[in-house]
Amino acid sequence: MSELVVFLVLTAFISVVHVSVTRTADRKDGLHREARRYFLSAAGGMLLLGLIIEAIAQLFQY
Amino acid sequence: MNKDGATLKQQPFLTRLIAGWLIPGSGHILSGRKSTGWLLLLLVNTLWLSGMLLCDYEAASRLFHPWLFWAGAGCGTTVIISYVDPAADLLLRGIASVQEYQDVPRWSDTGVLLVYVAGLLNILCLLDLIDSRIDPTRGTASHDQRREEA
Chain A
3 MSELVVFLVL TAFISVVHVS VTRTADRKDG LHREARRYFL SAAGGMLLLG
53 LIIEAIAQLF QY
Chain B
87 MNKDGATLKQ QPFLTRLIAG WLIPGSGHIL SGRKSTGWLL LLLVNTLWLS
137 GMLLCDYEAA SRLFHPWLFW AGAGCGTTVI ISYVDPAADL LLRGIASVQE
187 YQDVPRWSDT GVLLVYVAGL LNILCLLDLI DSRIDPTRGT ASHDQRREEA
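Chains as they are written, first to last, in this note's numbering: chain A, 3 to 64; chain B, 87 to 236.
Quick caveat, the hints were computed from the structure, so don't treat them as lab data. On a predicted model such as this, the values are computed, not experimentally measured, just so you know. Heads up, the beta-carbon is just placed ideally off N, CA and C, and yes, glycines get one too. Be aware that one or more of the hints could be misleading.
[Stated by the list, open to error] The calculated label-pair distances, taken between Cβ atoms and stated as ranges, are:
1. A:Leu61 x B:Asp217: 23 to 31 Å
2. A:Gly46 x B:Leu128: 23 to 31 Å
3. B:Asp195 x A:Ala44: 19 to 27 Å
4. B:Arg192 x A:Leu42: 26 to 34 Å
5. A:Met3 x B:Val190: 20 to 28 Å
Hey, can you work out the whole structure from these sequences and the hints?
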């Protein structure tokens, strides 16, 4: 659980920094909204991928 | 822009780049992009500092991480600390290392990861500084600041 928290915090930091240095001409939403959207995409995608890999690993165990 | 409305005098580009390398976020502050600069300063330095404390400065040691160290070199202070190398005492050699290895802190690897991610993020920030310098469509620092705050 603690490693999950570290992962989420790290992804949040990366999201905010990435959105901050993205070219401003392309930004339509505010920083908060765009960073939140990026965070949900990145963290959600990686968690989903992790769950799929875990499920496949469990299948091969039996 | 200062209170009189005159354009803020910017430091030379190389100064801003080196400042941004040494202290992440300072390059953006010196470029006039204060809100972005303070945000980057807070986030990247928090990552770097917490990582260094968790790993007992192991991330700054080329003895421990001869190749990954260069990812962390995106933050200048990692390179400076590597010359002092406070983690050199942690390096274990010989038969004693088998018994003492169990004492490695649990969060040591996580700390190393945080430092190297901070280094890579700072490279991204430096590239943004360079991009704002070479891309004519980015305009002046005050123009960028207004767009960011919009």
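Do the hints match the structure? See the list:
Range check, Leu61 (chain A) to Asp217 (chain B): Cβ separation about 46 Å, and the 23 to 31 Å hint is violated. For the pair Gly46 (chain A) and Leu128 (chain B), the beta carbons lie near 25 Å from each other, so the given range of 23 to 31 Å is met. Between Asp195 (chain B) and Ala44 (chain A) the beta carbon distance is about 21 Å. The supplied range of 19 to 27 Å therefore holds. At about 29 Å, the CB distance of Arg192 (chain B) to Leu42 (chain A) agrees with the hint of 26 to 34 Å.
Taking the beta carbon of each, Met3 (chain A) and Val190 (chain B) are about 21 Å apart, inside 20 to 28 Å as hinted.
Going through the hint list in order, the structure does not satisfy hint 1, though it satisfies all others.
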